[in-house]
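Student: One-letter residues, chain by chain:
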Amino acid sequence: MKEMAFILTSMVLVDNLVLTKFLGICPFLGVSKKMDSALGMSYAVIAVMVLATAATWPIYNYLLAPFGLEYLETILFILVIAALVQMIEMGLKKYAPSLHKSLGVYLPLITTNCAVLGIAILNIDNGYSFVNSLVNAFGGGVGFLVALVLFSGVRRQIERSNIPLAFRGIPATMIAASILAMAFMGFTGIVEGMFL
Amino acid sequence: MPGWLIGIISVALLGLLLGVVLTVAAKLFKVKSNPLTDKEREELPGINCGACGYVGCDSYAEALTKQEGVEPNLCTPGGESVARKICEILDIPFSQMLAKHAVLRCAGSLDHTTYVMDWQSVNSCAANKTFYRGRSSCYQACLGYGDCVLACPFDAIQIVNGIAVVNRNRCTGCGICVDVCPNNLFMLTTGEDLVYVACSSHAKGKDTRKGCTTGCIACNRCVKACKFDAITINHNLAVIDQGKCTQCGDCIPVCPVKIIKRIGVPCDD
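In order, the protein sequence lines correspond to chains S and U.
Just add 1019 to wherever you are in the first sequence, counting from 1, and you've got this note's numbering.
Just add 323 to wherever you are in the second sequence, counting from 1, and you've got this note's numbering.
This is chain U alone, in the form it adopts within the complex (with noise of 0.2 Å):
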C-alpha cells in the first residue's frame, strides 16, 4: 500500500474515531439545563460585551433564571426589544428600561471662565491638558477642544460657548466620553429628573473663585438644607449620594453659585 494512502486512511480513521467518541461523550456528559435558561440564552445577542455585568451572555441568563431581583434590562445592546422578551419569558411585568445619559459636570463656559493659555497647537483637549494644566482658569474645566464631540458616536456633544453641552434625545447612555475627557468631567446618570452637581473643581473654595464665577466653593449651604443628609463636601467639592437624594431639589436654590441643577432644565448658558 503506498504511503499516501495509509496517511488519508489514518487520518480518516482518526477523524471519525475522534468524531464518534465526542459524540458519545456529548450523550455521555449531557447536563439537563433549564428549559428557561436556554429559551432566555436564545433572546440575548450572544456577543458576550459583558455590559449586564455578567462574564457573558450564558451567566447572565443563568443568572436571570436562579437568582431573584436580577434586573432583566440589563443588556445594552438588546435595548428594550430582547428586555421584554424577557420579561416574557420569565412572566413577571416588563419595566421601562431605565435610561442612561451622560451629563457634563462643569459649567463654566466662557461667561464664567477664562482662557489663561493663547494655544496654538493641536485643537485637541488631551493634548492641550497635557502642558501645563489646561487653558481654562480653571484647573478642572471643560477644555472645550471637543474631544468628547469627535469621540461621540451619536453626534450627542457639541462646544458652546466653550463647553460640551450633551443632546440628551441623541444620548444612549454608552459612556465613551466618560473614559475621553481629560478632566473626567463626564458622569454617567440614571433615569430622568436628577439633580447634580456642575462642578469638578476641588481646588481650595478661594482658588476656585479665582478660576470661576460658577465653581462649588464648599460653603456648606447644601449640605444643610438637604433633608435626607445626601449631600457632602469631599475634597472642597460637594457631592450628592443618588441613594439617598429624593431629587426635592432643596438644595438648588440655596447654592450661591448655583452649580447644583436639575436635568433637564437648560443651562443658564
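Next comes chain S alone, as it looks inside the complex (with noise of 0.2 Å):
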C-alpha cells in the first residue's frame, strides 16, 4: 500500500511525464488552449494509460521475457496499444455516444502518444509488479493532468498580456512551460521526505 502511495505522488509530483520527462510534450502545447479540452484529452489519456499498461506488461512478462524478446517491446507496445485505442474508440462510438462525443479526435491522437509508450516501458524498466504498473500508469495520467490544467491556466494569463510582439504565440508559450517545469523541480526529493 505505501508502495503504492509511493509510485502515485512520485508520478504526479516528481517525476511528471510531461514537466520532468518530457514526453507528451505536442498534446501538452497543442491541447491546452481550453480548460475544458485540457480536461476532455488528460481523462483520456489517464483511461488509455491504465488500459495499455494492462496490456502490455502480460505480452511483456508472459511472452517476450520468456523466449529472451525484449527487443521486440518497442515495436509491439505500439502495435498493441495502437489496436486497443482503435477498438475503445469502436466501443464508445457504439455504448457510449455522448463520452465518444466529448472525447472527440483527442482518443485517435493518443494512439501515437509517446507518454502512453513511454508509461508502458517505464513499468517494464522499473521492474514493477503488475498491480504497481496499473497504479504508475494512473499516475502518469493524473501526473499528465495536473500539468495540462495548471498551464491551461498560464496560457489564459499569457493571452490576457500584452506581450512583446515577438514573443507572442509559441515563444511565451515554451518559455512559461519552462517555468513551469523548472518550479516542478522543487518537488524533488518530497516523496522520499513522505514516505521513507
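Any given hint could be a false lead.
Unchecked claim - With a straight-line cut-off of 20 Å between C-alpha atoms, the simulated EDC-like cross-links for lysine to aspartate or glutamate are:
| # | chain 1 | residue 1 | chain 2 | residue 2 |
| --- | --- | --- | --- | --- |
| 1 | S | Lys-1052 | U | Asp-502 |
| 2 | U | Lys-423 | U | Asp-530 |
| 3 | U | Lys-353 | U | Glu-394 |
| 4 | U | Lys-362 | U | Asp-441 |
| 5 | S | Lys-1120 | U | Asp-361 |
| 6 | U | Lys-389 | U | Asp-361 |
| 7 | U | Lys-408 | U | Glu-366 |
| 8 | S | Lys-1052 | S | Glu-1178 |
| 9 | S | Lys-1112 | U | Asp-361 |
| 10 | U | Lys-389 | U | Glu-411 |
| 11 | U | Lys-355 | S | Glu-1108 |
| 12 | S | Lys-1040 | S | Glu-1211 |
| 13 | S | Lys-1112 | U | Asp-381 |
| 14 | U | Lys-581 | U | Asp-434 |
| 15 | S | Lys-1113 | U | Asp-552 |
| 16 | S | Lys-1120 | U | Asp-414 |
| 17 | S | Lys-1113 | U | Asp-361 |
| 18 | S | Lys-1120 | S | Asp-1055 |
| 19 | U | Lys-452 | U | Asp-381 |
| 20 | U | Lys-350 | S | Glu-1108 |
| 21 | U | Lys-408 | U | Asp-434 |
| 22 | U | Lys-362 | U | Glu-394 |
| 23 | U | Lys-550 | U | Asp-564 |
| 24 | U | Lys-452 | U | Asp-441 |
| 25 | U | Lys-408 | U | Glu-391 |
| 26 | U | Lys-452 | U | Asp-502 |
| 27 | U | Lys-423 | U | Asp-502 |
| 28 | U | Lys-547 | U | Asp-564 |
| 29 | S | Lys-1053 | S | Glu-1178 |
| 30 | U | Lys-353 | S | Asp-1055 |
Simulated from the structure, these hints should not be mistaken for laboratory data.
Only a predicted model underlies this, so the values are computations on that prediction, with no experimental measurement involved.
Assembling the complex is the task here: the two chains are given apart, and the hints tell you how they should meet.
Tutor: In C-alpha cells:
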C-alpha cells in the first residue's frame, strides 16, 4: 500500500511525465489552450494509459521475456496500443456516444502519444509488479492532467497580457512551459521525505 | 527453434490476432450512420479546417443533416461547387454564397492626415506602431506601410495616398489582413451594398478633429437620422449594428465628416 502511494505521488509531482520526463509535449502544447479540451484530453490519456499497461505488461512478462524477445518491446507495444485505442474508440462510439463525442479527436490522437508508450516501457524498466504498473500508469495520467490543467490556466493569462510582438504565441508559451517545469523541480525529494 | 524465428512468428501471430479482433470489433460495434451524412461527408473537402464553425467536416456534415437551418454554404475551402452539391443532397434550393470582403475602417488618407514622425527604419506598420503610436497625426489611422499588402495572398490590397485600399474584385474575404493590421482596421463584411463607418478613432471628438479632417467626432447626427436604432456611439465612435441596419443610407448625407460610406461607392480619394 505504501509503495503504491509512493509510486502515485512521485508520478504526479516528482517524475511528472510532461514536466520532468518531457514526454507527451505535443498534446501539452496543442491541447492546453482551453480548460475543457485539456480536461477531455487528460481523461482520455488516463484511461488509455491504464488499459495500455494492462495489455502490455502481460505481453512482456509472459510472451517476450520467457523467449528472450525483449528487443521486440517497442514495436509490439506500439502495435498493441494502437489496436487497443482503435477498439476502445469503436466500443465507445457504439455504447457511449456522448462520451465518444466529448473525447472527440483526442482519442485517436493518443494512439501515437509518446507518453502512453513511455509509461508502458517505464513500467517494464522499473520492474514493477502488475498492480504497481497499473498504479504507475494511473499516476502518470494524473500527472499529465495536472500539467495540462495548470498550463491551460497559465496560457489564459498569457493570452491576456501584453507581450512584445516577437514573443507572442509559441515563444511565450515555451518560456512559460520551461518556468513551470523548473517549478516542478522544487518537488524533488519531497516523496522520499513523505514515505521513507 | 532459433530465437529470431520465434520473434517473427510471435509478431506475425499477434498482428494477425489484433487484425482479426479489430475486424470483428468493427462489425460488432458498427454504428448505423445516416446515409445523407455519409454523402455530405464525401463532398466536403475533409481537411477539418474549422472555417464552418464546426470541429471538423464530420461534425459539419452531421449538423447539416440533423439540425434545421444550418447554412449549406459555410465551407469556405469547398466554395460554391461544394455548397451546390450539398444543396442537391439535402434537396434544398441553392442560395448564392454570400461573398465576404474586407473593408478598411479608416478614410484618413494624406489629404486628411499628416505625418508627425520622420520614420527612418524598417517599412513595417507593426514596427512603426511599436514606437510612439504610429506616424500619422491620428493614432488610429492606417499606417500605410503595407503590412497587409505583403500579407494578402490575392494581391487585393494596395496603398493609395497613404491608406490601404481593398480591390473588391480580388478580395476573397479570407481575413488574413484583419489579423495583420496593428491598428485592427480591417473588418470582414458579408454581402454587397453595405453601409459602414470608415473610422476607428476612439479619441474624443476634439482630439480626433486635430489629427484628421475626416474622423468620427461622435456628433450623434447619424444616431438621430437612423430610423431603425441601428447606430450607437461607442467610446466616441459611431457603430452600425448590421443586424438592425436596413442599408437605407439615411445616415450617409448627415455625417459632417463624411465617414459613413456605402461599400461599392469609391472613396473620395
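Student: Are the Cα positions of Lys-1040(S) and Glu-1211(S) separated by 20 Å at most?
Tutor: Between Lys-1040(S) and Glu-1211(S) the Cα gap is close to 19 Å, so the pair holds against 20 Å.
Student: Is the straight-line distance between the alpha-carbon of Lys-1112(S) and that of Asp-381(U) 20 Å or less?
Tutor: The hint holds at about 14 Å.
Student: Run the distance test for Lys-408(U) versus Glu-366(U): straight-line Cα separation, threshold 20 Å.
Tutor: Distance of about 7 Å is within 20 Å: holds.
Student: Holds or violated: are the alpha carbons of Lys-452(U) and Asp-502(U) at most 20 Å from each other?
Tutor: 15 Å, holds
Student: Run the distance test for Lys-389(U) versus Asp-361(U): straight-line Cα separation, threshold 20 Å.
Tutor: 12 Å, holds
Student: Below or equal to 20 Å on CA atoms is what counts here, so check Lys-1053(S) against Glu-1178(S).
Tutor: Within the cut-off at roughly 11 Å; holds.
Student: Starting from Lys-1052(S), check that the Cα of Asp-502(U) is at most 20 Å away, please.
Tutor: 19 Å, holds
Student: Could you grab the alpha-carbon distance between Lys-581(U) and Asp-434(U) and see if it respects the 20 Å cut-off?
Tutor: 14 Å, holds
Student: Is Lys-1120(S) close enough to Asp-361(U), meaning Cα to Cα at most 20 Å?
Tutor: This hinted pair holds, its Cα atoms lying about 17 Å apart.
Student: Against the 20 Å threshold, does the CA-CA distance of Lys-423(U) and Asp-502(U) hold or violate the hint?
Tutor: Status holds; Cα separation ~16 Å.
Student: With the threshold set at 20 Å, check whether the alpha-carbon distance from Lys-452(U) to Asp-441(U) stays at or below it.
Tutor: It holds: about 13 Å lies between the C-alpha atoms, which stays within 20 Å.
Student: With a cut-off of 20 Å on the C-alpha distance, tell me whether Lys-1120(S) and Asp-1055(S) pass.
Tutor: Cα-Cα ~13 Å, so holds.
In summary, the structure is inconsistent with hints 2, 3, 4, 15, 16, 19, 21 and 30 from the numbered list given earlier, while agreeing with the others.
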